Every structure is written in structure tokens, then in C-alpha cells.
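Listed below, chain by chain, are the residues.
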Amino acid sequence: MSFDYTTFYVILGSAIFGSLSGIMSIYTVFRGRSLLGDVISHSSLPGVVLAFLIIQSKNISWLLLGAIISSIFGLWLIHQIIQYKKIKLDAAFAVILSVFFGLGILLINYSQKIPHLDQAGIQIFLFGQASSLIKSDILLIAFIAVIIIFLIIFFWKELKLLSFDSEYMTILKFPVRWISLLLDLLIIIAIVIGLKTVGVILMAAMVIAPAAAARQWASSFSLLAILSLLFGLLAGALGAWISSLWERTPTGPIIIIILTIMVFFSICFAPNKGILEKWFRYRKRKQQLLMRIILQNIYALSIQHKDKYHPHSEKVISAMSQLISIKTELKLMQNIGWIKRVYNKEWCLTKKGIKVNEDFILTKKNY
Amino acid sequence: MPKIFELPLELETLIIAVLVSVSCSIIGSFIVSKKLSMVSDGISHAILLGIVLSFLIVKDLDSPFLLFGAIVSGVFLVVLTELLKYTKLVSQDTALGIVFPFFFSLGVLLISRYANRVHLDIDAVILGELAFAPFNRFEFLGYDWGSKSLVYLSFILLLNLVVLLLFFKELFLVCFDENFAQILKLKPKILSYLLILTLSITTVGAFEAAGSILVVALLVVPPTTAIMMTQSVKKIIALAISISILSSIAGFYLAIYFDLIISGMITSLLGIFFFTVLMFNSNNGFFNRLFQKRKIYNENNLAMLLVHLSQHLNTAQEVEECHKNKVAKNLFWDANYTKKLIKNGIQKKLLYNKNNILNLTDNGEKRAKEITEF
Numbered sequence: 511m512s513f514d515y516t517t518f519y520v521i522l523g524s525a526i527f528g529s530l531s532g533i534m535s536i537y538t539v540f541r542g543r544s545l546l547g548d549v550i551s552h553s554s555l556p557g558v559v560l561a562f563l564i565i566q567s568k569n570i571s572w573l574l575l576g577a578i579i580s581s582i583f584g585l586w587l588i589h590q591i592i593q594y595k596k597i598k599l600d601a602a603f604a605v606i607l608s609v610f611f612g613l614g615i616l617l618i619n620y621s622q623k624i625p626h627l628d629q630a631g632i633q634i635f636l637f638g639q640a641s642s643l644i645k646s647d648i649l650l651i652a653f654i655a656v657i658i659i660f661l662i663i664f665f666w667k668e669l670k671l672l673s674f675d676s677e678y679m680t681i682l683k684f685p686v687r688w689i690s691l692l693l694d695l696l697i698i699i700a701i702v703i704g705l706k707t708v709g710v711i712l713m714a715a716m717v718i719a720p721a722a723a724a725r726q727w728a729s730s731f732s733l734l735a736i737l738s739l740l741f742g743l744l745a746g747a748l749g750a751w752i753s754s755l756w757e758r759t760p761t762g763p764i765i766i767i768i769l770t771i772m773v774f775f776s777i778c779f780a781p782n783k784g785i786l787e788k789w790f791r792y793r794k795r796k797q798q799l800l801m802r803i804i805l806q807n808i809y810a811l812s813i814q815h816k817d818k819y820h821p822h823s824e825k826v827i828s829a830m831s832q833l834i835s836i837k838t839e840l841k842l843m844q845n846i847g848w849i850k851r852v853y854n855k856e857w858c859l860t861k862k863g864i865k866v867n868e869d870f871i872l873t874k875k876n877y
Numbered sequence: 003m004p005k006i007f008e009l010p011l012e013l014e015t016l017i018i019a020v021l022v023s024v025s026c027s028i029i030g031s032f033i034v035s036k037k038l039s040m041v042s043d044g045i046s047h048a049i050l051l052g053i054v055l056s057f058l059i060v061k062d063l064d065s066p067f068l069l070f071g072a073i074v075s076g077v078f079l080v081v082l083t084e085l086l087k088y089t090k091l092v093s094q095d096t097a098l099g100i101v102f103p104f105f106f107s108l109g110v111l112l113i114s115r116y117a118n119r120v121h122l123d124i125d126a127v128i129l130g131e132l133a134f135a136p137f138n139r140f141e142f143l144g145y146d147w148g149s150k151s152l153v154y155l156s157f158i159l160l161l162n163l164v165v166l167l168l169f170f171k172e173l174f175l176v177c178f179d180e181n182f183a184q185i186l187k188l189k190p191k192i193l194s195y196l197l198i199l200t201l202s203i204t205t206v207g208a209f210e211a212a213g214s215i216l217v218v219a220l221l222v223v224p225p226t227t228a229i230m231m232t233q234s235v236k237k238i239i240a241l242a243i244s245i246s247i248l249s250s251i252a253g254f255y256l257a258i259y260f261d262l263i264i265s266g267m268i269t270s271l272l273g274i275f276f277f278t279v280l281m282f283n284s285n286n287g288f289f290n291r292l293f294q295k296r297k298i299y300n301e302n303n304l305a306m307l308l309v310h311l312s313q314h315l316n317t318a319q320e321v322e323e324c325h326k327n328k329v330a331k332n333l334f335w336d337a338n339y340t341k342k343l344i345k346n347g348i349q350k351k352l353l354y355n356k357n358n359i360l361n362l363t364d365n366g367e368k369r370a371k372e373i374t375e376f
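Residue numbers (my numbering), protein chains in the order written: chain A, 511 to 877; chain B, 3 to 376.
Incorrect hints may appear among the rest.
When the alpha-carbon atoms are kept at most 30 Å apart in a straight line, the in silico DSS-like pairs for lysine-lysine are as follows [unchecked claim]:
| hint | chain 1 | residue 1 | chain 2 | residue 2 |
| --- | --- | --- | --- | --- |
| 1 | B | Lys90 | A | Lys598 |
| 2 | A | Lys595 | B | Lys87 |
| 3 | A | Lys596 | B | Lys328 |
| 4 | A | Lys595 | B | Lys236 |
| 5 | A | Lys783 | B | Lys90 |
| 6 | B | Lys37 | A | Lys596 |
| 7 | B | Lys351 | B | Lys295 |
| 8 | A | Lys596 | B | Lys171 |
| 9 | B | Lys187 | A | Lys596 |
| 10 | B | Lys191 | A | Lys598 |
| 11 | A | Lys683 | B | Lys295 |
| 12 | A | Lys598 | B | Lys236 |
| 13 | A | Lys595 | B | Lys36 |
| 14 | B | Lys368 | B | Lys237 |
| 15 | B | Lys187 | B | Lys87 |
| 16 | B | Lys237 | A | Lys595 |
| 17 | B | Lys297 | B | Lys368 |
| 18 | A | Lys598 | B | Lys351 |
| 19 | A | Lys788 | B | Lys191 |
| 20 | A | Lys596 | B | Lys237 |
| 21 | A | Lys788 | B | Lys87 |
| 22 | B | Lys87 | A | Lys596 |
| 23 | B | Lys189 | A | Lys598 |
| 24 | B | Lys187 | A | Lys670 |
| 25 | A | Lys596 | B | Lys90 |
| 26 | A | Lys794 | B | Lys87 |
| 27 | B | Lys90 | A | Lys788 |
| 28 | B | Lys368 | A | Lys598 |
| 29 | A | Lys595 | B | Lys191 |
| 30 | B | Lys90 | A | Lys796 |
| 31 | B | Lys90 | A | Lys595 |
| 32 | A | Lys796 | B | Lys191 |
| 33 | A | Lys595 | B | Lys297 |
| 34 | A | Lys874 | A | Lys841 |
| 35 | A | Lys596 | B | Lys295 |
For the record, the hints were derived by calculation from the structure and aren't laboratory data.
Just so you know, these numbers come straight off a predicted model, no measurement behind them.
Based on the sequences and whatever the hints tell you, model everything.
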């Protein structure tokens, strides 16, 4: 079977874009602006249509330029709106997102009325059509990605400081405004070049999910960046490959689904913070606490008989402890040698158990 | 089929537009106050999954079950987002930005693989076109009651009004201070979900006629504009309703005149409204903030003038210090500027001119006293 270049380009393009958006997601999620991707992708629409109307060509470079300018304008407006203390960030996001997009729709409608202007390509920006990525697109994406990553590495420390403590940065006399502008620009470019792959609506997840997943595994900023890049790359490549295997399977949605699975997997199974591990630890602690309570109760019961080794049935013990099912805990206690089973399925303390309990009483340790 | 209401198409479309506007403004005021603006965007995309799943079950595009499925998926989006947030491993925004694209992706995937031949036009879902709304009739008991959108949106407006009137105070408390509402045992969790349910129902009912972008715009932009103008929540709702009705009616006619898409035109008008207020709002608008510095400067100088007068009036130096023409020299100010300042002071009833000597009015004296005894 000959090597399928089309599929190869699609996978390559998606992988590159995935890695790029993976890295940029660090700078959106951890600055508290997760939905910036959604806003940028929606506000790029009027720029695309205007570029199309003015330049009158479907050359992708012009369309991308239009998209970038439009997004920059949108972000600038959001900055202005936020100065207004009464309006919160999310409201500003939603306003710009819907108004710009609506304006874009109006312009699309207008362009449809102009004769001999073929505008079929614009609909692709809505939903993405990765399968239509061609060699020149890949070259463009790769070129831009290399530049962006180079810039990020070059300004690594500055961008890191900007993300976490921009006030300190101002004190240190860095040109914070310029660096912030640079970062915004990089994010915008990264998103805009990916619009053809996943489309406007799904773009939001591309700059959120990689970082969200990475956060579950790492805390150091560098490690987060590397992990996000890897997650994005994997999702992009895998998504494109899977969608090429089956027919009628669009690429964008598959990539997003893979990313979401990664996030859910990370949340559940990641060490230390994963939900599963948390739950196991919680159960174990609860068990240990119950075991101690039961031990104390058995001791108290046996004291009443003036015989520390006096056995009692499980029912009596559970009634005394006001607990319902203590079978597991009793078994565990037997395993570590606190109690032992005697005739009639009753439990009594061992020497060890007595000592342990008396130690507890003396030191009053409660863990 | 006999019609209950004989409405010309144009009027019917206009009525639908107004119904959408009012409903969205009402629920939107709560949503924006509760910082759920982006959630409405998320819901507008997530309902696609509900529609597709419902369609795959009943295989009928006109079934109302589709609406039910959409509403459920809208609420489910919020439930899932809350669950994710509950793990404390991601923030609310992050959770939202992961879940709604997931829902949308599933929806698009299902359409592509299982409903490809059916005309589930995704474009229409996003864009919507009010102009086509009247063509889908609602038939019941052998009568044509109007277009489907008209009937649905009337009920939705009713729902919004009922929710608003019954739970007005409680809902706004929950929006602004959930903790306090919890202390008062107002069950903020339930009220929150009431809001989300109403939001979902309104979004679903409206998007068929208006498209998801216009719905989000109607939900968010009028209340945000109103918040810029006033503090009182009653005024916010009233303003939001007025702005949206105005934009809808004007947008409708403009769209017809220029032969453009109605939803796009209304959204753009809402945007223009928003930015006009942003730029020109008194006290806080963009332009007024630019002039703030100048204003404060002038106010300070006027205060200085008042104090100067209060110190020298009814003393031996009265004529020398308080004469209209000598004040400028004494305070080292430019003569023209001083003239304007005096005029301003007279206008504000802080001082008056008596035989060319500047005297303080009662208000002026009070003000001077406030400053010197600070």
C-alpha cells in the first residue's frame, strides 16, 4: 500500500497544532482566563470575512491576518471593558464573543450578496475541516509553530513571571505591557492557525484541556509545559489518525473527545490528587479510626467482666460501638494481631491488643 | 386550517423577536449577575447533543421530544461542570471549557455518522433565521395557533415572568451573595438550578428562531449594558428589556431594508448600544474617564477659591483680596481661567457677585467650612 500523503499531512498538521495549543494552554488556564480561546476564536470571524471582502482572495495568509487583527481588536476591547469595575471578566468575554461573531455573520451574509465572490471556505472556519489540510497549510503551521515555540523559550522566565506575579514584574521594572501584549499575540496566532483544524466552537477546549490534564500530574511550570505539549500532540495525532480510519468521522470532534478522555483519566487516576487515590486513602483512614474505636470498646466490655481476655460476640461489639457492619474491621484487627477468634465465633483481645489499647489510653494519641 | 390569529407574516416575526428579547433579558439579568455569562454560551452549544440524541431515538425532526432532549442536555452540562468543579482539581471556567466542547463534539460526531442523510443543518443551529420562523406552524385541535416559535416563546416568556415575579428577591440574593442565602436557609442550590433550568428552556426555545449566537447576545449584552448604567436590580431588568426590544425592532426593520440576516443585524445593534454606553456613560464612560482628571483639577481649584474667600471676606483686606479682578493675582492663576472658574462657582450657587466683590452663598460657606475643618 502506497504511503498516503493526504492522511500524513492531516496527522502531521493536527499534531503540530495540538502541541502548539498544548503549550499555549499553560498561559490561558493558569492565568485564570481559560475561556480566552473561545473568545478569540469567535472574535476572529469578522476579520476573516473582512479580509476576504477587501483582498478578494481565499489565500489563507490574508484570511489569517484578518483573523489575527480582529482578535487583537477584540482583546483590546475586553481590556477596556474590564477597567469598568462593574463588569466582570466573564461578562466581557461573553459580550465580545457574541457581538463580534454576530457582526461576522452579518458580514458573511453581506458577502453572499456580492456577485462573483466565492465564499465557500468561510463556513469551514465554523467547524473546521482538518481533512482539507494540504502541504502548504502544514508548512505555514509548522513555520509559525517553530517561531512561537522559539519565542516562548526565549522569553520563558518573563512569561512565567507574567503569568503568576505581574505586579512583582512591574516592580522589577520589566516592560510588563509589552510582554503581556506579546503573550496575547502568541496565543491569538496559535489559535487562529488552528481554526481550520477544529473550528471556532471546539477551539475553546484545545487551549484548556491539555493544561487541565497536565496539572493533575505535575506542579513545576516547565514540567507542566512539556506535559501539555505532549498531551496536545498526542490528541492531535491520534485524533487525526482515528478519524482517517473510519468514514464520515470529522477530525476536530475526535481530537476534542480524546483530550476530554485524557482530562478525565488524569483527574481520576493521577497520583496524589487523583480522585480514585483520594477515595482509597479516605477509606483507609476511616477504617483505621473505626478499628481503634472497636478496640477501645472491646476493652471496655471486657473490663466489666474483670477479665481482659473475656470474649464477646460480634453483635455485642457492634451494639456497643453503635456501628452496623464491622466485619471488615474485625478481620483487619485480627490480621494485625489485636484480637483473635475463640470458640463460638467470638472475639477476644490478644496480649498485643491489650497493650496497644493501654498505650492509646496513656498517650491519648488519636490517629 | 383556520387560523386563531390573523397576523401578517412580518408582524408575526416581529412579535417573535420581541418575545425572545424580553424572555432573554429577564433570565439574562440573573445569569450575568451570577457570573454565568459564559455558561449560556456553553449551553447554546451543548444542546446540539441533546437534539441529536433525541432525534436518534424518535427519528422525527418535528417532535417536541427534541426540545426536551435539548433542555435536558443543557442542564446536564451544568451538572457535569459543577461535578468537575467539586473535585477542586479544575476551576469553573476550565470545567466549562472542557465539557461543552465535549458535548458538541459528540453531537457533531453522531450527526456525521448516523444522521448524515437527514437535513440537520448545523448552520441553522448556529445562525438561525428569524425570517423563517413563522413558516413552521403549530397545529392543535384542528386550529392553526400561529407559528411554533410564537407558541413556544409565549410560554417561555410566561415562565420567565412567573419565575421573576415569584422568586425575585431570593434569586437576586442567590446571584450576588450565595453564602448569605445559604445562611438564611433559602436553599440557594435549588434556586440556582431553577435559574439554570429556565436558562436552558429559554435558550432552547429561542435558538430555533434566533440562532444560538443571537440568543447568547440577547442574554448577555442588554443586562451588561444596563449594569453599566444603574445599580438597582429592578432598573437593570427594565433597562435590559427596553434595550433588547428596541434593538430587535430596529434590527428587524434595518435587516429588511438592507436585505440582511435579522439575527446578525440585531446582534450588531446590541453591540452598538453596548459600546455607546461604554464610551459615553456619565461618570464611568470611556470618554468621561479621560476628562476625569481635568474635572478633579477644576473642582479642587474651585474649593481653593471658596476657602480663600472665606478667609478674607468681612476682614480689612476684603476689597483687596476678594475683588473679582484681583482674585486671579492673589491666587496666582491665569485671569481667563479664573473668570471661567468664577462663572462656574456662580452657576453652582457657591458664590455671588456683589458690587464686583465675590461673596459666598450659604452653600459656599458650608463648603468652605467643610474643607477648613477637615
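Violations among the numbered hints, reported as their numbers in ascending order: 3, 14, 18, 24, 28
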